[in-house]
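Undergrad: Chains as they are written, first to last, in the working numbering: chain A, 1 to 349; chain B, 1001 to 1455; chain C, 2001 to 2176.
Honestly, I wouldn't trust all of these hints.
[Unchecked claim] Anything over 10 Å on all C-beta distances counts as not near chain A; from chain B, calculated:
#	residue
1	1074
2	1168
3	1321
4	1353
5	1399
[As the list claims (entries may be wrong)] Mimicking EDC-like on lysine to aspartate or glutamate, the simulated pairs with C-alpha atoms at most 20 Å apart in a straight line are:
#	chain 1	residue 1	chain 2	residue 2
6	A	138	C	2148
7	A	67	B	1396
8	A	215	C	2054
9	B	1132	C	2148
10	B	1370	A	137
11	B	1142	C	2022
12	B	1184	C	2061
13	C	2083	A	168
14	A	193	C	2148
15	C	2031	A	144
16	A	67	B	1024
Honestly, the hints are just simulated from the structure, not real lab data. C-beta atoms are modelled at their ideal positions from N, C-alpha and C, and glycine is treated no differently.
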Amino acid sequence: MKVTIDGQSIEVEPGTTILQAARMIGGESVPPAMCYYSKLKGSGGKCRCCLVEVSKGSEADPRPMPKLMASCVTGCMEGMEVNSKNSDRVREARQSVTEFLLINHPLDCPICDQAGECDLQDLSFEHGKSKTRFIEEKRTFEPEDIGPNIQLHMNRCILCQRCVQVADQLTDKRVHGVLDRGDHANISTCISKAIDNEFSGNMIDVCPVGALTDKTFRFKSRVWFNKPFNAHRECTTPGCCGKTTVWMFGNEIQRVTGRKDQYHEVEDFICNECRFDHKDPADWVIEGPRKFDKDSVINQNNYTRKLDTVHIATEEGILKGREQDRKKISMTAIPLKKEEQEEFKNGNL
Amino acid sequence: MSKKILLDKINVPGIKTYEVYRREGGYASVEKAIKSMTPDEVVEEVKKSGLRGRGGAGFPAGMKWSFIDKKSGKPRHLVCNADESEPGTFKDRYLMEFIPHLLIEGMITSSFALGANRSYIYIRGEYMWVFKILERAIAEAKAAGWLGKNILGSGYDLELHVHCGAGAYICGEETALIESLEGKRGNPRIKPPFPAVSGLWANPTVVNNVETIAAVPWIVNNSGDDYAKIGIGRSTGTKLISASGNIKNPGVYEIELGLSVDEFMNSDEYLGGMSSNRPLKALVPGGSSVPILPADLIFKTANGEDRLMTYESLSDGGFATGSMLGSGGFIVYDDTACIVRNTWNFSRFYHHESCGQCTPCREGTGWLEKVLHRIENGHGREEDIDLLWSIQSKIEGNTICPLGDAASWPVAAAIRHFRDEFEYHVRFPERIKNRDHFVNEPFEKVKHLASKQTV
Amino acid sequence: MERIHYKQEINMTETLMNRINELISHYPEDKRKSALLPVLHEVQDAHDNWLSIELMDKVADILGILPIEVYEVATFYTMYNLKPIGKYMFEFCQTSCCCLNGVEDLMDYTCEKLGVGIGETTADGLFEVRGVECLGACGYAPMMQLGDFYKEHLTREKIDQLIADCRDNKIILHDK
């Protein structure tokens, strides 16, 4: 079947979705996808980032589709014509979805381990605005401990439900899911149960944001300070391919992940033993450096180069702000001085 | 007196019971269909009747039936949507509570037409006492041989059960309803595939509203053509309207489509005019999701024609000057009502009922509510009105199911027709701090204050 | 999200099990999960109108599904209570028409009379006041749900009467 996306035509098999066809074409027409994951059945359709305009339904029924369609779940038809990046409507819709995804997001990238490889960062870089129109209080969730390996940050979650599908499709006893509803829907085990399964670590890899991160890597390093290498080992866990990317700092393995392709999908799932328990380079056969997109921040990895001394102009301001915070919060360890207390009471900080 | 089809026998004492219902001619359509018609003939009659889905969208029922996949050889199901939760709508409950056997008769005849051997009535969990009424009615019908194996010796089998929800407006959306019937969270499915191909347990399924199914016996007993003679144009037959708000006689009414809004509102046979002598301010004609109409667009359309109770006339003028018949939830407001407060109220409802599956609805409905809450409570900013407009336009059309649209339309319409009232709220926060701020000081009286600054 | 868990005495009586099995029989043998919503209603009604984790696990066991599948459903729908609640729960509809007809004043009145806030239980465990969304009784506003039934056209006097009746144990909550 022939489909045309942003003016570029391609022949595809019946049953191919618009998103898959666009990925075959490649380049700028590929819609962003936050919830679709080609290796997970039933994923997609939820985040609405990949909306496209179908300007011609098919050869048989050339009428345009009135609404924008989620390209990840809409099948191609013979003669279909699609506008992705070329359509103002589509661009506007993606901007809207980006804004919606960000209004309740904590925007804590500076302390988020996902920063640098976060799909939401990429999306907002492409479609977001620097200014927010949201002045209400952000929605937050109580933290939940889901076990020794994985850190759950529900406030960052965009509810793509990929991690639920991983648990459903790779493991036999899912213990976490989506609880509650509406904007309070959250990923949880409900009973604060540790997620304990040989393949649970893949939840980290499929998470498009920093909602699920690796506890063994937590706060260790920015991802772009690590050098990724393809590596493998003889893994005895049934179902694990043993092929990974190890992220090195000097001679130290800081974390192990699956091998992710250009759409940030893992090529194959790996077991928890590979991911969490083998941080000794001797355990691995290092194949060579892992290639990344040209403009990925991971390629900006020039920590080996000598840096000039940088003066940060905002530093003074930051220090002043800290001092103000100390007064406002009045930490018990550093109590306010007497005259400061007086001032504080009068509201003059 | 206009023609009554659904509520014709409603005042017969004991019509709730099987004996009286049967004595009054009930279950005749089952006999007629099973003994003298083929399933396709029944579908054909319903098609001819022009009966349109009474749940809100108004899709032709016969056409929906004809889409059901009969070739796959999979079992087929009919599911009745009794998850009535649209604010302003309470007609299905009335029908099921007071004449339950009519729905059951309709279910049997319709299931026969679709070749469904296992059908369900999905009722909202809050209607628990109606759930019990239906369970008993089904047991009575089964005892009398209208359900089970080999009905009337025809070889046709049908199992009919009631299934109860548990408090989720979204389960009124047909695919969410199916998910809920499968014992899952009520998250709408992505379409296609449509339920007619892959619905309940991946089998071909038709989902119809209570009122739609209840109209089928009459159509079969008489004919599709007879039904099509009632009403005007493509709005055929009768419709149940649930009327509420500031009117003299709230309640459920059966009207012939084509009745004028004026007559419906003001005649003593129906609503009997306003409940007090306050003037009419606004009308929501079809449940909370449809656009609100200001007083000058209620009885006349924008081009001066009489506004009629039909699908077409109520939507005349599009969203700019029209609305929709929707589910028939007719809410009338007098001038003590605050449109901003009411819009916030609806927004809170949609925020509460969003399933949380897709981004624009999950995040957008909450945002709308928060902004509206601020405006209503005197913390609005001038730019919030445009912000609301922008948010609703970003939700609309971008969601998996129509709940996103339903949350957007009331906000858009309120701003379109009552923008000055929003401005008043923003500019005079001290005047609106009590929740009944328009009771003693209707907006008409203070309107000049808002308009003064809009030079 | 971390949740507080409460203990509950579980008593799956024979009557309850019979009813559960009847509900399960309404669905094909391999689709037992479909009975989840109605079964949760029954189990909740028989256990002081709330569901503990243990009780939900029990239901999962009966239906042959994973516990998380029950939690997911029980937290989605508003009618399942996941913590102990007052015996008589006054659920006021607060949407549109009920609001037009003064339900907010009635809620204030009820709260004041019972000495609780919205969403709180009285010290004796008898009453709880809640605001809920449209219950489908707009023409009979203002109204509330009490157990399986609706109380419509409410006034202050009717609320006084209802509270008195509850205290005298004259109110039937469930139609069994």
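Undergrad: Run every hint past the structure and note whether it holds.
TA: These are the hints, each one checked on the structure:
no.: 1; hint: 1074; verdict: holds (20 Å)
no.: 2; hint: 1168; verdict: violated (7 Å)
no.: 3; hint: 1321; verdict: holds (21 Å)
no.: 4; hint: 1353; verdict: violated (7 Å)
no.: 5; hint: 1399; verdict: violated (7 Å)
no.: 6; hint: A:138 <-> C:2148; verdict: violated (37 Å)
no.: 7; hint: A:67 <-> B:1396; verdict: holds (10 Å)
no.: 8; hint: A:215 <-> C:2054; verdict: violated (30 Å)
no.: 9; hint: B:1132 <-> C:2148; verdict: holds (10 Å)
no.: 10; hint: B:1370 <-> A:137; verdict: holds (9 Å)
no.: 11; hint: B:1142 <-> C:2022; verdict: holds (15 Å)
no.: 12; hint: B:1184 <-> C:2061; verdict: holds (16 Å)
no.: 13; hint: C:2083 <-> A:168; verdict: violated (28 Å)
no.: 14; hint: A:193 <-> C:2148; verdict: violated (35 Å)
no.: 15; hint: C:2031 <-> A:144; verdict: violated (33 Å)
no.: 16; hint: A:67 <-> B:1024; verdict: violated (48 Å)
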